[in-house]
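Asks: Sequence:
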Amino acid sequence: MNKSIYIILLCVKYFLIYSKAYKKKNNNDVINNIQRAKNDLFFIKPSVKLNLCSSKFIHRIKSVNKRYVEKNEYIQQIDNDIEEKKKKKKTTSKRNNKSSNQINDDYETFLIVDGSSILFKNFFGMPFLKNDNDVNLSTIYGFIQSLNKIYNLFLPTYIAIIFDSKTSNNDKKKIYANYKIFRRKNPDELYEQLKIVSNFCDTIGIKTISSTNIESDDYIARIVDNISNTLKEKKQKDFSFVNNHQEKEPPPMYTYMKNNVYDNAGSIGTNKIFDKEPNHINGNINGNVNDHTNGNENVSCHENVATNNIDKKKKFRVIVVSSDKDLLQLLEYNNETYNMDISICQPNKKYRLVNSHLFYEEHEILPSQYSDYLILTGDKTDGISGVPYIGDKTSKCLLKEYHNIENILKNLHKLPSKLHHIFLNNIENINTFRKLIKLKCETNESLVFDDYKQKRIKNFEQFRNFADKYSLHKLLKKSVIVNYHD
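According to mature numbering (1 follows the signal peptide of the UniProt record, and there is no 0), the residues represented by the sequence shown are -21 to -1, 1 to 465, in order.
Keep in mind that the hints were calculated from the coordinates and are not lab data.
Among the hints, a few may not be true.
Calculated lysine-lysine pairs in the DSBU-like style (CA-CA distance at most 35 Å, straight line) [as the list claims (entries may be wrong)]:
1. Lys151 x Lys211
2. Lys329 x Lys216
3. Lys152 x Lys417
4. Lys375 x Lys359
Cβ pair distances, simulated, as ranges [said to hold, decoys possible]:
5. Lys174 x Lys419: 46 to 52 Å
6. Asn112 x Arg162: 52 to 58 Å
7. Lys128 x Asn178: 18 to 24 Å
8. Lys453 x Ser364: 28 to 34 Å
9. Lys453 x Phe161: 38 to 44 Å
10. Leu388 x Lys457: 53 to 59 Å
Please read these numbers as outputs of a predicted model, since none were measured by experiment.
Here a beta-carbon is modelled for each residue, glycine too, at the ideal position from N, C-alpha and C.
Assemble the whole structure, with the sequences as input and the hints as a guide.
Replies: Right, here's the structure in full:
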């Protein structure tokens, strides 16, 4: 680029020299000035003649120019490096896809989708599309694409999509008049698109729930609480089953094998193998023996007692797909003892997964403290001001020392005088903000997982009519969200 600018400037110089010499009508001056300017252009081939009299621009033969060739070689090296990086990215992406598929195969996934957040994103973010019948296609197209992406990422076994309605915020607005006061009212066309999207999900067999009296995040919290209750019940049943079998301890290995295998054979009898008792701890035998029924297969005696009735199942995980930061409170349900692995997928941040460990690294507080943190600092998106003069640092310091707001209010005498007066003057606001921010999730109810499995299409005529009306045939051929078979 610098060379080209330099050449243009020299061309202007030639033109000015030629025009001055032409006015003076002195050809010798013209020739001398041109030769001086030629010396400046040392990278131009000397055999190329400059015909300024015929008003032609300076040009050069690129193949002969050494600097041009060097520059070209450097550019080719850069292009080759870029191509190699692209190839590496393709191979790594394939490996990552394989690894992600392997991870998904290891898990049994319960996917809970905040349908309202995805609907808003596609309604306001997608460009306007319409078919020949002037039907709006932008929202349904964007929703199917985003849902297809979520399916490819997690391969869910169970799925539920929750939508808000016009009356979802009414109860919280009665508690606090300024709740979500800065947000614009949703247009009526949005709720029309919501009906279209929910009808599509119903036709392809996905369970949809429209929350009328409560917000979608509270309903999602209820589902998560129900899942944790069912997992607790299942764990308790499994634990009681194992304990019942452990009460009836099997005989020691040497007597069991002596009585049932060797003595019954008639020819072997006692053997030197049984002179030493095998290793066992608390009645649970750790040694492996050869099963006489299955040839040479090594089978643990403990596994014969318990695991024949209990199959080794996949790990269970819950993934909540939402851009709402209030749902990060649900990470406190993560519990390894009950096989409860929960994480939040954020579509507004390139579908990244947030678990309890990542949450603690970013926020430096526990997920159970996040609601108290929002009560103290406030939430501008929901119109919640928070406690005045308390920001990010002070709230985190207080929560680290006292763990929650209740302990802070009990220990106000230990706080400085300014903070003491601030909390005393804002106790009512803290109680109202807790009702708005804290998710209502404690139900003590269980959940039937089979109700949330995606079912196959029952009415194909309805499905075809829907696809014809909204021109979805090409889009649905590429997607994996439609279940044509059981």
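Asks: Would you mind marking each hint as holding or not holding in the structure?
Replies: Each hint tested on the structure:
no., hint, verdict
1, Lys151 x Lys211, "holds, 31 Å"
2, Lys329 x Lys216, "violated, 40 Å"
3, Lys152 x Lys417, "holds, 15 Å"
4, Lys375 x Lys359, "holds, 18 Å"
5, Lys174 x Lys419: 46 to 52 Å, "violated, 26 Å"
6, Asn112 x Arg162: 52 to 58 Å, "violated, 33 Å"
7, Lys128 x Asn178: 18 to 24 Å, "holds, 21 Å"
8, Lys453 x Ser364: 28 to 34 Å, "violated, 49 Å"
9, Lys453 x Phe161: 38 to 44 Å, "holds, 40 Å"
10, Leu388 x Lys457: 53 to 59 Å, "holds, 56 Å"
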